[in-house]
Amino acid sequence: MTVTGASLVEARGPLVHEIPRTARPDMLVPARVYADSELWTQISGDRSLAQLMNVATLPGVTGCVYGMPDMHEGYGFPVGGVAAMKADDGVVSPGGVGYDINCGVRLLISDLDAEPVRERVPALVHELSRSIPSGTGRGGRLLLGGADVDRVLVEGCHYLLERGFATAEDLEVTEAGGRFTRADPGCVSARAKQRGRDQLGTIGSGNHFVEVQAVEQIFDAGVAAALGLRPGCLAVLVHTGSRGLGHQVCTDYVRLMDAAMQRYGIVLPDRELACAPFRSPEGQQYFGAMCAAANFAWANRQVIAHRVREAFERFFGASGRLRLVYDVAHNMAKLEAHQGELLVVHRKGATRAFGPAHPETPPRYRSVGQPVFIPGSMGTASYVLVGTDQALGLSFGSACHGAGRAMSRHAAKRTKPGHEVRRELEARGIAVSCPSNAELAEEAPFAYKDVERVVDVVHRVGLASRVARLRPLGVVKG
Amino acid sequence: MSGYSELLAHTAEVMLRLRATTLADLLAEAGRALGRLELGEPVPPAAGEPRLIEVQSPDREALLVDWLNELVYLAETERWVPVEFEMVTANDTTARAWARGVVTDEAPARVKAATFHGLKVVAGPQGFEADVVLDV
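Chains as they are written, first to last, in our numbering: chain E, 1 to 478; chain B, 1001 to 1136.
Since the hints were made in silico from the structure, they are not lab data. There may be inaccurate statements among the hints.
Label pairs and their computed distance ranges (CB to CB) [stated by the list, open to error]:
1) B:GLN1056 x E:ASP148: 57 to 63 Å
2) B:GLU1041 x E:GLU426: 21 to 27 Å
3) E:ALA11 x B:THR1093: 47 to 53 Å
4) B:GLN1056 x E:ALA318: 57 to 63 Å
5) E:LYS86 x B:GLU1041: 55 to 61 Å
6) E:GLY45 x B:ASP1105: 51 to 57 Å
7) B:TYR1004 x E:GLY228: 53 to 59 Å
8) E:ALA147 x B:ARG1051: 26 to 32 Å
Just so it is clear, the structure is predicted and the values come from calculations on it, not from any experiment. No residue lacks a Cβ here, since even glycine has one placed at the ideal position from N, Cα and C.
Build the full structure now, drawing on both the sequences and the hints.
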């Protein structure tokens, strides 16, 4: 199937590859992938093209389905996949959002220069690892009673503003203000709430992290200034999502929709793409639950940011102030108007990348575009970009969400043991806190695509515009 | 053969292949494989009293997914990872087992869910074979 997808491709330019709608009788729209030749070879090497073609069969899908340069195989949707369905007669698919609903990234920037405090970074990383549990450990997390869980699900970061864990300025630069108003906690199961009860303020495992970085290079001084980025300044990037609560929401609704599809006459090539018409009771229930889980995820990253700020203040006093640049989701389905039509845009491992002219770009960034973050692998650079107006026509206003895996976790562990990965990172001056060498090996830099190449494609295609490069100094891995 | 599992290539997630003589053994092996992922190896010995776990599903494939997701839920919410299984009932729609497990200090967070992607559970002359992708 992988070979089939790759062999049918039509080049639409050096960075644009398209599998026509006619490639498979069940495809409703073409599948378009943005990649250079090396990334295309990597993308063609796993099942992601076949998965993207499967997405092109979903009822109500419109335009093209898109693969970002970091695309790799996932389950149902590929990771790095974007698809839009008509809200009135299309579907919503929990598998198109993924289990980690509103997994996302937020960037905090410091007034401090990184170099003078460089020697303190290992101790800072240790302090962060003590303050922010990866799982449901003892410190750091915010314990929630039943009513509090519902308030977080409804109010997201606004609940934390009231509790003193957020500032009004934070909410201004969080996607959707850190709260989806369509959230319905009544559509979130008791099981999901149980899983989330003691997980607010926790990183989780896998590729989630809190990373201390330095702004290493500025590509666009004007935009960087608008975002508050200075060469050499200290920064913190937080990557996590809705934890067990979101996982359970997806589990619940994949099952619900799996059972409902026959009633709606939906036949799919992959059961994990289970879906229901967006306007159906099942579709609306899922959307209410997904929005609630998204609010939980924003709150989770906000609590973590609060803990990071506390740690910085303990270390650096008043000069350790951290300002939020932006918080952006990369696993989400959002109702958006495109060319006058209301669409449910599914982004699975893809970031919204709206330009300056879009009304949902935060007022503070209307002159430059919405910030987009592309974290590299642990040990490689991360990038700050801004969305472009032309991306609306290229990808429904989407860009990629990271470097993208190139090697399985199993293969990564076989390639190099975790203690060697740790030693190599530390030899390069990157302090590491990770509870398990095995998990460290799984996330080794060589297991990922080349982030420089990925960002180059994003920039050259025009999905987003490159602003700054950030170098890792220390990482707390979940 | 009481059960056998191996990891198949998958770029991002964990793809398990399971083989066993009976469906009951297959489900037990799936549970043990999940325990190894959650706890790492060597898996600590099970302790404490056995607990009854029961799952009902519309078909055999969904049963495997629901069974694993039930174990994920127990691990995360009760910090209890089942690793020994005595199957009481295992048919296409019901799995019921007494399980003993390992209590953990922190809730295992490695496995988010079992998925339907590429899912298969097939019966053949040698017994049962299944593929299931876990989101990690």
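ALA11 of chain E paired with THR1093 of chain B, Cβ distance criterion 47 to 53 Å:
Cβ of ALA11 of chain E to Cβ of THR1093 of chain B: about 49 Å, so the range 47 to 53 Å holds.
Okay, GLN1056 of chain B versus ALA318 of chain E on CB: inside 57 to 63 Å?
holds, 59 Å
Indicate whether the distance between the beta carbons of LYS86 of chain E and GLU1041 of chain B respects the range 55 to 61 Å.
The hint (55 to 61 Å, Cβ to Cβ) is violated, given that LYS86 of chain E and GLU1041 of chain B are roughly 48 Å apart.
Quick one: are GLY45 of chain E and ASP1105 of chain B within 51 to 57 Å, going by C-beta?
violated, 40 Å
Range hint compliance [Cβ, TYR1004 of chain B to GLY228 of chain E, 53 to 59 Å]
holds, 56 Å
For the range 21 to 27 Å, tell me whether the beta carbons of GLU1041 of chain B and GLU426 of chain E fit it or not.
26 Å Cβ-Cβ, so the 21 to 27 Å window holds.
GLN1056 of chain B and ASP148 of chain E, beta-carbon distance inside 57 to 63 Å?
Once the Cβ atoms are compared, 32 Å apart, the range 57 to 63 Å for ASP148 of chain E and GLN1056 of chain B is violated.
May I ask you to test the hint 26 to 32 Å on the CB atoms belonging to ALA147 of chain E and ARG1051 of chain B?
holds, 30 Å
Violated hints, listed in ascending order, are 1, 5 and 6; each of the other numbered hints is respected by the structure.
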